[in-house]
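Once you've looked at the hints, go ahead and assemble the two chains, each given alone in its own frame, into the complex.
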Amino acid sequence: MFLWAWKSLFSQRSTLVGSSLGIAGAFILVLFFDAVFRGESEQIVAYPAHMNPDVWVMQAGVGNMHMASSYIWDWKMDVIAAMPEVERVTPILYFANIIEARGSKLFAFVVGLQSGEHRAGPWEMSAGRRIAGKGEAVIPAVLSRITGIGIGDTMRITDHDFRVVGLSRGTYSSANPVIFVTLDDLADILSAEGTYSYLLVDAKEGVSPKQLAEGIRRTVEKVNVLTTAELVANDFGLAMQMGVEIIFMMTMICSALAALIVGFSAYSLVARKQRELAIVKALGGRRGALVGSVVLQAVIVALLGYLLAVVFALLVIPQVPLLVPQLSLVVSIGDILQMGLVALLVAVIGAVIPASLVLRLDPALAYQV
Amino acid sequence: MFWLAWKQLKLDRIRTAMTAFAVAAVIAVILVLDGFEQGQYRQLERVIHNRQADLIVTQAGVQDFVAARSSLPQLTREAVESVTGVVNAHPMTALPVIYRQDGKLTPVYVLVYDTLGGPASLLDGPGIRQGRDIVIDQTLALKYGLGMGDEFRVSDFSFRVAGITDEAAFFMPFAFISYDGMIDLFLESEIAPDLSTFPLLSFLLVELSPQADRLTVQRSIEQRVPEVDVFTPAELAAHDVDMARTFYRPIMGLLVSVAWVIGMLVVGLVLYADVRSRLRSFAVMKALGFEHRHLVTAVVAQSLLLMLLALPLGALLAWLLKEQVESVAPVYLISIYEPLVFTRTLVAGLVLAVVGALVPLRSVRRTDPMIAFQGA
Chain X
2 MFLWAWKSLF SQRSTLVGSS LGIAGAFILV LFFDAVFRGE SEQIVAYPAH MNPDVWVMQA
62 GVGNMHMASS YIWDWKMDVI AAMPEVERVT PILYFANIIE ARGSKLFAFV VGLQSGEHRA
122 GPWEMSAGRR IAGKGEAVIP AVLSRITGIG IGDTMRITDH DFRVVGLSRG TYSSANPVIF
182 VTLDDLADIL SAEGTYSYLL VDAKEGVSPK QLAEGIRRTV EKVNVLTTAE LVANDFGLAM
242 QMGVEIIFMM TMICSALAAL IVGFSAYSLV ARKQRELAIV KALGGRRGAL VGSVVLQAVI
302 VALLGYLLAV VFALLVIPQV PLLVPQLSLV VSIGDILQMG LVALLVAVIG AVIPASLVLR
362 LDPALAYQV
Chain V
26 MFWLAWKQLK LDRIRTAMTA FAVAAVIAVI LVLDGFEQGQ YRQLERVIHN RQADLIVTQA
86 GVQDFVAARS SLPQLTREAV ESVTGVVNAH PMTALPVIYR QDGKLTPVYV LVYDTLGGPA
146 SLLDGPGIRQ GRDIVIDQTL ALKYGLGMGD EFRVSDFSFR VAGITDEAAF FMPFAFISYD
206 GMIDLFLESE IAPDLSTFPL LSFLLVELSP QADRLTVQRS IEQRVPEVDV FTPAELAAHD
266 VDMARTFYRP IMGLLVSVAW VIGMLVVGLV LYADVRSRLR SFAVMKALGF EHRHLVTAVV
326 AQSLLLMLLA LPLGALLAWL LKEQVESVAP VYLISIYEPL VFTRTLVAGL VLAVVGALVP
386 LRSVRRTDPM IAFQGA
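Protein sequence lines, in the order shown, are assigned to chains X and V. Here the first sequence is numbered in this note's numbering, starting from 2 and rising by one per residue. Here the second sequence is numbered in this note's numbering, starting from 26 and rising by one per residue.
Chain V on its own, in the form it takes in the complex (with noise of 0.2 Å):
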């Protein structure tokens, strides 16, 4: 019956080509917008593990990274530094501000940071060297038209773009600077006289000796230093994930279900668009005494070779659209590849296509043998 399948498949070939296309796109829909929902919790996976740290300290309660104020008092450290398997805590700070250029805005999360948990990766750009560098996400750079020297203004202070990297996440591309950078922006720009409210320390990196076992120094810093809470990058990656997924899984959810529904829709009108124009052949088939199920079987085994053709082809063209939407929105990242986002698009597109096979069975039941014998 594939076989069968196949040589009906070949007949028409544009037709064949084009409601592969059809189907594919469908494929391609849904692999982007569950990619998309996926690739935003990678996204805050990856700004935290890329911080590079064995465990990182935030005030006690605050158990996410992006999104969160965190503030701890300057003699954590010393006292975080002082528990047996510590190496150093790397201080860091984090300051949301808004970026104003050209009438656009875009709300940044500037990481500030000393000796770990700078930029994980330059595009462009030596990276910071003295007080006044920026290392900005690409998306900066892409939206303001943004180089390599150029300024870049927060709260009436100059910094200058030292580096292009590509850290965004939950809809906010990150910048970089150190702290010489930030205490010239409190002192010189307008936030100076109310300096005293804005976290000066919001996390710790920690970093730990290569004996030391992360979970007895994590419980140690807890037990020591009462105001701070202490977790592994994964843990707080975990947090953050968790946050996000009550902001997007209702929306994403009702979007990729909305997909669904018309990739079934697609799949049942172009099997029932071709079983329609073929009824002859399987007329003739009847006629020839084939039973009802083999006929049921060559829609089915037809409907299953058109969704093989048409996954390939999705998946390629899922990869085209999520290249264009990066290369044009790099703040999103579209994780189409992840194992679960495509086996699950696999399943589905298989079972859509024996679902849309149905669509066209009451015609093929219907069909007159007598219609064999009738001119062309």
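So that you can see chain X by itself, here it is in the shape it has in the complex (with noise of 0.2 Å):
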């Protein structure tokens, strides 16, 4: 019988390929949607991650940077930095706002740095320089590609004008492309003399993390300290709990979707074939076995649209990037085997209907003429 299922079902190869891709159709769409966000969320703990001091101090009850904003006392700085357990202290300010660029306007992460500080600004540049004074700046290649603003050209910054003289890599998400000024600049701006938003502290050889964090803690008030791991944990973890719901969500539809091909197959083949079927039940052929060949063809219209939507996501979808440059892809292999489980679950509530009308099969069909 089984055989029987896997010959009928490859003997109408089109509407295996067509279901199929169908299939992997409404599943491409789940693990995009998820590589989105996942991508985004990596790209939006680049800058904490690449800059990776052995803690932050930042404002007490503050535990980001993604859509955060904190401020202490320029005073604080220099407590921390005549620290013992302390090799180096880099202040940065920092705000998320709209920029406008050519006439795009973006949402992005506003870096102020030190002027010479290269400890906390871009990590690698593409093109330029970085910056050296008042009214410059930095910003992603990719930004730069998509609006079109290159060196030499104008951006501003609230009512701030800014020369763009450098292109860095690695900066640019959709939620949070990076862009560095200077701190005097971004002072300006924010009305914020006197103060810094965070602070990257670098702790002397044999002192760990966890041993200067708590040393900050006992000296300076009103602060909040983190290691680099647990800060970047915090704003991946708060950028992927704002996509979770929706995530959650389009794999229903796209699984219900899903199930419904499955379903519209396994039933079609099951049509075409009920004279077929009617003369195995005549034969005496077993319930058992006749429901088994039905869901066996869902399970294989199923699994072979979940694969055709695997190679697509492994080698389709890291390569979108090149055409979109704004996009950040990350697929994930857990997402990718979750979906595995899903598309076991919709060959099976796919082949419900199917099944049915083979168990009400009417034998007497294998003598009609």
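Read the hints as simulated data drawn from the structure, not as lab findings. Fair warning: this is a prediction, and the values are worked out from it, not measured in the lab.
Reference listing, derived: stretches of chain X covered by chain V, where coverage requires no fewer than 3 residues with Cβ under 8 Å from a Cβ of chain V:
no., region
1, 8 to 20
2, 26 to 33
3, 91 to 102
4, 246 to 253
5, 257 to 266
6, 323 to 330
Glycine is no exception: its CB is placed at the ideal position from the N, C-alpha and C atoms.
The following block contains the structure:
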């Protein structure tokens, strides 16, 4: 019976291919949605992850960079810098705001750096140079590509104009392209003289990040101290949590669509082979075997669709940013495996109506002409 | 031909129902995706219009309301109120905070208001009556199981939930507090030592006298108070939507395109399978002398009929999905019944039906009339 199921399925290759492509499309939608959120979330933490100081010091009550604001007095930096465990303290000012570049408006993370400071600046340049003075900015190379703004051009943050002097690599995401300006410029914009947003603190050799964090907490009041791993985990978690409901709903919607396609394909196959199935029934074929053959067909169709989606996800999705550079896409193997379980479930649900048709099939149909 | 196509669809009702459901599901997915994007724009517009101002004053150079930091000097209010035609300039401050409870984090856009600009409607609760009261969006209430009188902690300061509203935009639920609440928050919480850096006044919601000309007053304020920009709510909303488009368009455009490709595949598959199962009927028609164009018309007619069945079903499914998504995650608005979204889907659906009908035409063309005389 299973051999029959296999053969009859492959005798209608067009239906098989069409169904598999339809199911693959539904799964691709889910994987794509997930890749967008995961890619954006990973890119959102690109800045803290690349800076990777031993600890980050921020305003008490703040535990993120993404969508957060933090202000601490400058004297707190001096106190921390004087601690024996501390090798170096690098202050930054930071705010998330809308920037304007050649008529395009984007939400961006703006980082203010002390003049000549490279520790907290772009980690890789693709063109131009780093900022050296007031009124200069380094923008992501991708931002330059999609807006057309290049080195020497002007961009605007609130009411301040900046001249682009360099393009950085690895600093773009749709949610937060990272723009570097001087700390003085950003202090002007924020009216935040005498304060910093975050302190990147590097420990002396032999001092662990945890020891350093505890030392700072003991020494400086009303600040929050996190290791890079903790800050990155907080931001990544926040970004993923923002998309978790919509990803779940998309999975449900597209799985239902896939189940319908599976159901339709299996039903079409059963409907076309009614007479053959009636003969099997007339010859004493067991109901279990008949239903099993329908489920097998549904599973094959669903798994083929799933495999096509996996191939697409692994080979095509990572290439999409070449065409649409503003997208950061990351395909997760864990999500792909989860989707495999969904595909099996979809196959079983999709087989319900065709299986009931098989069970209701009258063996007398075999004798009709 | 339409009559014949209709008869054929009625012949196997289960198949027709499944076919219509499959196509309807594709329509629903497209409507939901398209509606999701439009919904984000509508939310951005809504949160600005809900402030009920005739004009909105921002820091010079700031052209947006959501996701933008605007900081106005305290004396600006007096200067704006001195302009002829201005009845009142109601203060509003925006504080983006991250709410943390039970290990879950949510960015919240807190709007501080005084006499205008508070929550447009309350789903529950009396609203703000004292300093520690806060009105939160239903997303927060649902996600954290918060109800009337519950504690809502921001930077170690305890607010008390005094109302539930439905205002969210750009993935962020909104919350509303009074200026008393903001001052208490600044003074009692950990923020206090660094208070000077916080924008104490972000926007002014301008109320005009009935006889004032909005454009004239807008220009007058900008001339008299150079440190501000002035927008109508529609202008400000257009800027926010513009900013959101640069964020959503590449992502949603690609997703909707993938959904349309799937739609084409499903419709093509459905029609192909259907035509294959009725090759004998086509053979009979050929044997009876029907020309190829008649058969093509029959296939296209059937495809269009299927689509006409599927479209209302798809709209219904989309509505059910929208209701489900919005009840699970009210931070998202899905605007499926927008004329633009609906018309686009309707027209594209009909085009899809015709294109889908082309897939099985080869089988129809190759049908041998002799099949009509073979046993079933």
